[in-house]
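Each chain sits in its own coordinate frame; assemble them with the hints.
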Amino acid sequence: MSLIDKDTLLFHGADWDFGAIQRVTDAIEHIAVGELGLDVYPNQIEVITAEQMLDAYASIGMPLFYKHWSFGKRFAMHEAGYRQGLMGLAYEIVINSNPCISYIMEENTATMQTLVIAHAAFGHNHFFKNNYLFKEWTDADGILDYLEFAKGYITRCEERYGQNAVERVLDAAHALMSHGVHRYPRKKRPDLRSEERRERERQIHQEQTFNDLWRTVPSKGGAQKSALSDERRRALLELPQENILYFLEKSAPRLQPWQREILRIVRQIAQYFYPQRQTKVMNEGCATYCHYRIMTKLHETGQISDGAFLEFLQSHTNVIRQPEYDDPHYGGINPYALGFGMMQDIERICTQPTAEDREWFPDIAGCDDPMRVLRDVWANYRDESFISQFLSPQLMRQWRLFHLVDDPDRPELIIEAIHDERGYRRLRRSLSRQYDVGWNDPDIQVVDVDLAGDRRLILHHHVLNRTLLHKDDAQRVLQMIANLWGYDVVLKEVEAVTGAIFQEHVAHPHETLF
Amino acid sequence: MYIIDRRLNPGGKSLANRQRFLRRAKAQIQRAVRQTAGDRDITDLERGGEVSIPADGVREPSFRRSGEGGVNDHILPGNKRFVEGDAIDRPPGGGGGGSSASNSGEGEDDFRFALSREEFLDLFLEDLELPDLAKRRLATVEVQGIRRAGYSVTGSPVNLALLRSMRNALSRRIAMRRPKSAEIARLKEEIALLEQEGESERLLELRQELEKLNLRARRFPYIDPVDLRYRRFEPVSRPVAQAVMFCLMDVSGSMTEHMKDLAKRFYMLLYIFLTRRYKHVEIVFIRHTHEAKEVDEDTFFHSPETGGTVVSSALREMQRIMTERYPPENWNIYAAQASDGDNSPNDGATSAALLRNVILPACQYYAYLEVGSDHDRMQAGFINHKTALWQTYETLQDDGLNIAMRKVNHRREIYPVFRELFRRRDAEATAP
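If you read the protein sequences in the order shown, they are chains G and U. Positions 1 to 514 (full-length UniProt numbering) are the ones given, in order, by the first sequence. Positions 1 to 432 (full-length UniProt numbering) are the ones given, in order, by the second sequence.
Worth flagging that the hints you see were computed from the coordinates, not collected in a lab. Watch out, some of these pointers could steer you wrong.
Subject to a maximum C-alpha distance of 30 Å in a straight line, what follows is the list of computed DSSO-like cross-link-like pairs (lysine-lysine) [what the hints assert, rightly or not]:
#1 U:K80 / G:K280
#2 G:K151 / G:K297
#3 U:K386 / G:K471
#4 U:K407 / G:K67
#5 G:K151 / U:K386
#6 U:K407 / U:K386
Treat the numbers as computed from the prediction; the structure is a model and nothing was measured.
Looking at chain U on its own, in the form it has when it is part of the complex (with noise of 0.2 Å):
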């Protein structure tokens, strides 16, 4: 009899045969994820979650026979007053008590399953992709790493590849004919045998070869400074994988909690993008009215500030906090402006300025976020209403920069203008 501790067998045998499941029902998945995003609240979206999809797409037939029609036999235990013969009129719905008919257990109804936050949200970003991306990490921005790289017969003592070592060493004895110390011992036995017999000639023989395997064992040392070898290791520049996310936002009067509320979801759904594209992303909160300020995340959601609504403020501040702590040429620079479109009239131009001259040339991408209240949609319709800012940066996107804008006016539309901004541009080409 064995008793066997299988706890620590690694996990996870169902993991293949999940993913081929996933795979084979990923349309229909997909379109539930969809749905589940939809109804959620951006805050839950990171979690994964169960999702159900109907039940028909991962049907797995067999022949059986149907629940209706013909003759049904049901032996059921308890009777309490029936008697041979009787009739019992039929329950409602049919069937008759207790039916036996779906052994498979899954009817026509969907099949609900979790997801894992991974698969979740893979499905849930799949085919978005972040504009520029590769071009940029290709072409300049790279930082200096190290790699192994074969041997080195120099190097520091750490570095030392004993087992490459003492192959040499062992190869070296053996082509030298270093004698062995299993030899030298015979040797000296056999002499200290003949010793107790007395001289002769056979001892004075015999301690002469002693006497040259000796020198030749000291001659060719065990080992020796030629065997040894060092790992070596060699400089590699690599393409850097982190990124910063500039969140800038208007926090001035005008700005209602609706609105607040409709900037954050979209910066949530940019940072779950940008950290699953990045190993690394830090997050800098810049808020402004009229003057701007690097503040923490809670304040800047929630604490209130009143004053007027110069964008270039901000702007600068994140010019400041780019040079000084996020050079461009290390860092992949996302940024997310949301504002309700105030601007003082005399900052326009500033703020195109600092956007074309500083901003947009260092930055991966910008989008800007205009937020409106639930009842501007009405207005939308018939009176072509711009905004101060909104114009602004149509004149920059005139120009051909790379400057995204859009308006959002309900809490439903942030999903779908999320994924317009981040579809993947040549879907159509690559798609099998």
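The following block holds chain G by itself, in its conformation from the complex (with noise of 0.2 Å):
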């Protein structure tokens, strides 16, 4: 090593300071956007302490929350562990935003800070942009102003109708937040800025068309509504309904309007972070993928030193670690290792297929732009399209992966699959299954309600695979649909084929609650 490799060392050993992460985004975006071809939001970057990392941890990384006890449970149990060395912290977060806002933590090395850059900044950042999940049901332009709407809007709910009030509401909806998005794109919805001055002008139209002298024109005598039929009633309700959240929103009777806004603001952010549930193998590879190249790349213009490469080796090898089913630290599939692993095979299809690699891929072996096919992948697939489609059998010969049947009327486990030619199909698409959200979901349905009579509200589950719901769960949360309804609530577990009845769970509403 001559002394003049050296001038062209972003840093000198472990110590950063502002300019240092200034010259190595600088050289990294040079990378990313030149050479791997990513198109980003632009870069805002926040050092933080490692306090203000379990704070973020407490919000879900994000930077500005409403306040909720879930929370400062979250918190607790993230301190705990934290303090007893029991749990290391995530060295960034990154916030789906416009701006990008990736948090990077000040105890952090150089070549950490510089690992986390071309992950966060560039990596997620390109994922997030790009993918169609994102595009899709996000907007990260008007996230962090929605945010802060949310937040002042239910301390305001606080200070007129009481924590205590407030805080029901919140904890019914946080339990039904899983059930509480949209899966299919409906008709255009306005975006999140729009949402708030929306609900700031209902508010003012409602005052302006107030006049309590309403209240005392007699009613016309009922009896002459047509009977509707079950269909036509069914639809006007838009039934069956797998967003509850939408529902309990929209046809409640018994709600007050504020009550109806928070169940709002809880799915929209329900709404805002249902793509990241979908796709946590293809933005970990991808953010993985990128920052590999990345690196290299810069060791091999002399911008970081063989040290500094070293230490970068050494954490990605830790992050993209599969322990095998029968390690102790087996804890499922780790998708930084799986969403890494099939980027690299897509790379060495692209570039050297093999014969197995042209009868598979024929479509993008030999093509010899990895980086097209790659942004194209990140742009249009989710975690389950992306398996179905990309799992080579060469990664499932190298990982060795096989297929585990466990039924419970059966004496003993099979093995349905292993990777072999007449298995790696069948265990591609059983892998893939695991990763659909559709499928891991209980499918819950609001099925019916008879809103001019007793207003029951029937709910089915339609059980898969005999799995019923969790019993003692099911019914807390079935108490608080009761309790938002203010009318008896059925929950049925159906095999959804044959349509039998499994379980039966029913909630009365508690009067006192709202």
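Laid out in structure tokens, this is it:
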């Protein structure tokens, strides 16, 4: 190593300063945009302390959030784990917003900061900006403003109606968060910024048109309403409806306007996070692949030292470690490992395809432009479709994947498929299904209610593989639905095909709650 | 691209949420704190620490599939010997390899987390209170202090209220139409310009004008003594928030290490409790045999001493220190006496008189803790054995004087006894 080489280094030693971060970011941007062709939101990199990182953990990584005890619980849990040394903190948190905010920790070494910036500020950032799910379901421009509005709105509600009343609505809304998303695009939704404006306008309109006299006008005698057919009645209520929060917000007869607005806020936030759950493997894979390419390039061009590169490799291998199933450390498939492995595999297929690859992936094998393929993949797939399209036989062999079926009716566990010619496709299908949120989340729908009659709300859980709901939890959540709904609620667990009912849960509302 | 340093932002963003969480799980946390306190050494109490509560109370339910029942598929890496169609025995404990059922990562286990020292002590001492505290503080005990009280026209230069003075000056200048310096400058400029052209009617006019303005500006100065304002302070009386705690202990030969340990634990609790209520707490250790001495903490608890037992000597010492250093009108005085109950037979009357006439009227609270040895408990059941000191103090109590007495034999009784002594008297009345 000559002295001249040293001058190209972006930093020396483990310490960093803001000048170094700026240099590093510029160098990375040069590679990421110039060579990999990434398309990113403008970056905003924020340096924070470990304590602030714990704070960020508690509020799901968002820089601002409304107040709720469950965040305090999460904070207490993380804090206890961290203080005892049971848990390390993440090196970074990145937020899907425009500009894209990445938090990096002050404790990181200069190498780690470089890695983190490459990973979050460019890898994740590109994914957020380009993936179709994020484009469809999230509003990066408006999210921070919307959270600001949500926080303010909930604080105002607390001042007006009391903390306890607000907390009860939030508890219920949080319990239903996983069933508060639209899974399919509906008509064009307003963006988050106009959401806020519309809420204000609704309020003003109500106040302007309010006239106490209307209360005194005698209503016309009933009985002239034509009896709607069941079909029509359901259609009017948009039933069946799998977005339970949406249904309650729109149709629950006894909710106050502010309670509906809180349900709406929680629903919007759930919707914002919905793409993240569907793209864990791809998102992490994309970021890991990018940081690997970028760091390697920085090393090749002499911008980071050998020592720094070794430090990087060490944490990189930690991140993508996949213990085998009989390893005591095994805790499911590591999304970083799977994503990174598959993306490297795609690169290999593009540049050095085997005969097998040409047969399995005729479109991309040997095309010699892996970045174009990968950018396309990152933009147009989610975990489930990504795996079912791109998991190659070679990778299945390398990972030695096998499919185990645990059927309680049989005395033994059965090996359904392994990494051989007969098993590749079946293996791939079952793995991709495990990443399908539609398959993983229990399918619960509001099926019917007679608003003119007893107003009893009927929900169905379409049971899959004979796995019922966790009974205790289901009863609790149902109780919360009943409290919001204001009348009895029934949840039937139904066999999807035959319609046989396995179990029925009933909840009556607590009159005193609202 | 922006790089922002957020490290200096105020931390504790989660504090409000944390408080909400503590409030929500309060009953359970309190139970856990009591339990922990029982197990723990009292010297540790101040440190706060980890508690665990049943996860049930802070559960966040959601619709999720139960772990058991139904067909489960697992895709696992690392196949070594299986081929398709193999049947494997179920591993003991059911489930199958690597169940991914629980997504929240917190099953039915206890929820463990750490409380800070403040939070711990708050919960620990929550329903205790110092007897007679409020009454005494508001009624008599006051010290002099000063506080801000508006402005005055006189005062010392250090108290000059600059902003207020300048504002007054400004309004006076406007009211008096004092010529602005810009106006004068403009006039001068014009005169200079005209002077170049030679004398004229207009120039004369302008000079007169300038003369007038200058005169006016001199007459109404920029700042005048009438503008000045000073910050005013006035004396107020404030209730005193300081306390002294007298620890009295018999260290004669009959006091065993066990007894001293009990006494020490009681003193520790009392100290923690007092520091929660008062900004400033001082401790005085007085130990006595047949004569009493003020000592430091280490000597108080550890150095051995022999001799007879004369309680009044300690009381006299306390009286001396009180008059010298802690006048009762300025200090909240608490006293705790620990003894095995021995006293020389002819001292009882003297002690009683001292307490009755001098000590008790000055004290906020006087607690007498009789420490016994571990096996004393056995006798206590059938013979109502009263020690000399206990009998003396009982007569005082019968006369309605404010003296609390308890007997403690074992370490685990310390905390209940302490709670009993300081239990909130009107707890039933104020409970929501």
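Now the hints, each set against the structure:
Straight-line distance between C-alpha atoms of K80 (chain U) and K280 (chain G) comes to about 28 Å, which keeps the hinted pair within the 30 Å bound. Simply put, K151 (chain G) and K297 (chain G) have alpha-carbon atoms about 43 Å apart, too far for the 30 Å limit, and the pair is violated. For the hint pairing K386 (chain U) with K471 (chain G), the CA-to-CA distance comes to about 61 Å; that exceeds 30 Å, so the pair is violated. Proximity of K407 (chain U) to K67 (chain G) is assessed by CA-CA distance (about 48 Å); at most 30 Å being required, the pair is judged violated.
The straight-line distance between the Cα atoms of K151 (chain G) and K386 (chain U) is roughly 65 Å, outside the 30 Å bound, and the hint therefore fails. Using a Cα cut-off of 30 Å, the hinted pair K407 (chain U) and K386 (chain U) holds, with the two alpha carbons roughly 10 Å apart.
Consistency with the previously given hints fails for numbers 2, 3, 4 and 5, ordered from lowest to highest.
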